[in-house]
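With chain A's structure known, arrange chain B on it following the hints.
Listed in order, the protein sequences are those of chains A and B.
First residue of the first sequence? That's 1 in the working numbering, and the numbers climb one at a time after it.
First residue of the second sequence? That's 1001 in the working numbering, and the numbers climb one at a time after it.
Any given hint could be a false lead.
[Stated by the list, open to error] Dumping the calculated BS3-like pairs for lysine-lysine here, alpha-carbon to alpha-carbon at most 27 Å:
{"no.": "1", "chain 1": "A", "residue 1": "K162", "chain 2": "B", "residue 2": "K1190"}
{"no.": "2", "chain 1": "A", "residue 1": "K88", "chain 2": "A", "residue 2": "K99"}
{"no.": "3", "chain 1": "A", "residue 1": "K162", "chain 2": "A", "residue 2": "K93"}
{"no.": "4", "chain 1": "A", "residue 1": "K99", "chain 2": "B", "residue 2": "K1190"}
{"no.": "5", "chain 1": "A", "residue 1": "K162", "chain 2": "B", "residue 2": "K1189"}
{"no.": "6", "chain 1": "B", "residue 1": "K1189", "chain 2": "A", "residue 2": "K99"}
{"no.": "7", "chain 1": "A", "residue 1": "K162", "chain 2": "A", "residue 2": "K99"}
{"no.": "8", "chain 1": "B", "residue 1": "K1149", "chain 2": "A", "residue 2": "K54"}
[Stated by the list, open to error] For the chain B half of the interface with chain A, some residues (derived, Cβ under 8 Å), not all of them:
{"no.": "9", "residue": "G1002"}
{"no.": "10", "residue": "F1020"}
{"no.": "11", "residue": "S1090"}
{"no.": "12", "residue": "G1101"}
{"no.": "13", "residue": "F1102"}
{"no.": "14", "residue": "M1104"}
{"no.": "15", "residue": "G1105"}
{"no.": "16", "residue": "Y1141"}
If you're looking for bench data, these hints aren't it; they were derived computationally from the structure.
If you're wondering where the values come from, they're calculated on a predicted model, not measured in any experiment.
Backbone N, C-alpha and C fix where the C-beta goes; we use that ideal spot for every residue, glycine too.
One letter stands for each residue in the lines below.
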Amino acid sequence: MNPYLAGVLLGLVVIAANFISGRSVGASGAIKSAIVAGVETVAPSHAENATFYKEFSQGHTGNPLNSWLVYQMLGVVVGGFLSGVISKRLTWKVEHNPKIQSRTRLIFALAGGVLFGIGSQFGRGCTSGSALSGMAVLSLGGFISMMAIFGTAFALAYFFRKLWI
Amino acid sequence: MGPLVVNEIISENTNLLLAFFIGIGFGFVLEQGGFSSSRKLAGVFYGYDAVVLKVFFTGAITAMLGLLFMSLFGWIDLNLVYVNETFIWSAIIGGVVMGAGFIMGGYCPGTSFCGAAIGKIDAMIFIVGLFLGVFIFAEGYPMWEGLYKAGFMGSPRISEFFNVSEGLFALFVIIAAVLMFWGAEWAEKKFPREEY
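Chain A extracted, bound-state conformation (with noise of 0.2 Å):
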């Protein structure tokens, strides 16, 4: 699809999260709720313990899986396979650039994952939920984190280029 299309069909759907919720997409969020959820059942008195998880409940009521992001992230999940599906893109691989070996593309793919995730809650949102959706409320916490997280990629785009090119 041409990107600048898809650019809009992103912000409709930006904007009738934000017409029907009051609120915008995300993704990070969800992976909090899931971990929080995960210790709550694995180690109760923990969760009851340590700081993040108490100020987590505090903050909500309720099961945390039972979360408007939760639900965006698995209805993610089932239109991006069906967009897999009509465009046949659908295909189990490890997409890797051919100068470099599957297995170093995960390495990097997990440690990626591990600083992004880590990142994320520091920046209290992803692209997604704090850039994207940030900078569509004008929202000055998003587009610092916008600049810092797209400058810090293309700064360091020198050091990791042969995962790419």
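Okay, now just chain B, sitting in the frame of chain A:
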């Protein structure tokens, strides 16, 4: 008048159901835009594929303008819409760490779910990393709680912060985006890659 759930035009349960459908739209559009591919996503940093720039900024501008116009027509009350809070140091550090994660992992959380949805194993491993990362943050929280909560600035809109009107700021963003799109089209021609 929107937002529907805040004005109690729809119930919280309906809201959660609609969140699922909004997610379907979000995931569908992201995947259609090619965001299920880490090599496409990373392309903007090397010039060969600026899809991230084009989709992201077109999306941000469409949403920004759409919401401003809807507010003008009285269809939505922007004061009832969530504006994420600004904690300046945490935002910067988080952004830097995420930027590193992006260039190494080639995904961000939303796109990794799209990639995983179509079978990309590197996306699935990225998601495992996400869970680990959030868990590490949660368990180490006492060490960085101070930093996490420092520099609270409320929820300022950029337009308020720079003391310009929202419409004027939106215009600046549009001009900046058009310049970037022009640069992106140039870069894609200058640094082409064969099929990926």
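Outcome of the hint check:
Proposed proximity of K162 of chain A and K1190 of chain B is supported: the alpha carbons are some 19 Å apart, at most 27 Å. As the CA atoms of K88 of chain A and K99 of chain A are separated by approximately 26 Å, the hinted pair is consistent with the 27 Å bound. Restraint check for K162 of chain A and K93 of chain A: satisfied, since their Cα atoms lie roughly 20 Å apart, inside the 27 Å limit. For the given pair, K99 of chain A sits about 21 Å from K1190 of chain B by alpha-carbon distance, which is consistent with the 27 Å threshold.
A C-alpha spacing of about 21 Å is found between K162 of chain A and K1189 of chain B, which places the hinted pair at or below 27 Å, so the restraint holds. The suggested pairing of K1189 of chain B with K99 of chain A holds, with an alpha-carbon distance near 22 Å, which does not exceed 27 Å. Proposed proximity of K162 of chain A and K99 of chain A is supported: the alpha carbons are some 8 Å apart, at most 27 Å. Of the pairs offered as hints, the one joining K1149 of chain B and K54 of chain A holds, with about 16 Å between alpha carbons and a cut-off of 27 Å not exceeded.
Because the closest C-beta pair between G1002 of chain B and chain A is about 4 Å apart, less than 8 Å, the hint holds. Proximity of F1020 of chain B to chain A holds as hinted, the smallest CB-CB distance being about 4 Å (cut-off 8 Å). Interface restraint check for S1090 of chain B: the shortest CB-CB distance to chain A comes to about 5 Å, inside 8 Å, so the restraint holds. Satisfaction of the interface hint for G1101 of chain B is found here, the shortest Cβ-Cβ separation to chain A being roughly 3 Å, below the 8 Å cut-off.
Because the closest C-beta pair between F1102 of chain B and chain A is about 5 Å apart, less than 8 Å, the hint holds. Hint status for M1104 of chain B relative to chain A: holds, with the closest Cβ pair at about 4 Å, below 8 Å. At about 2 Å, the closest approach between the beta carbon of G1105 of chain B and any beta carbon in chain A falls short of 8 Å, and the interface hint on this residue holds. For Y1141 of chain B, the interface hint holds, the least distance from its beta-carbon to any beta-carbon of chain A being 4 Å, beneath 8 Å.
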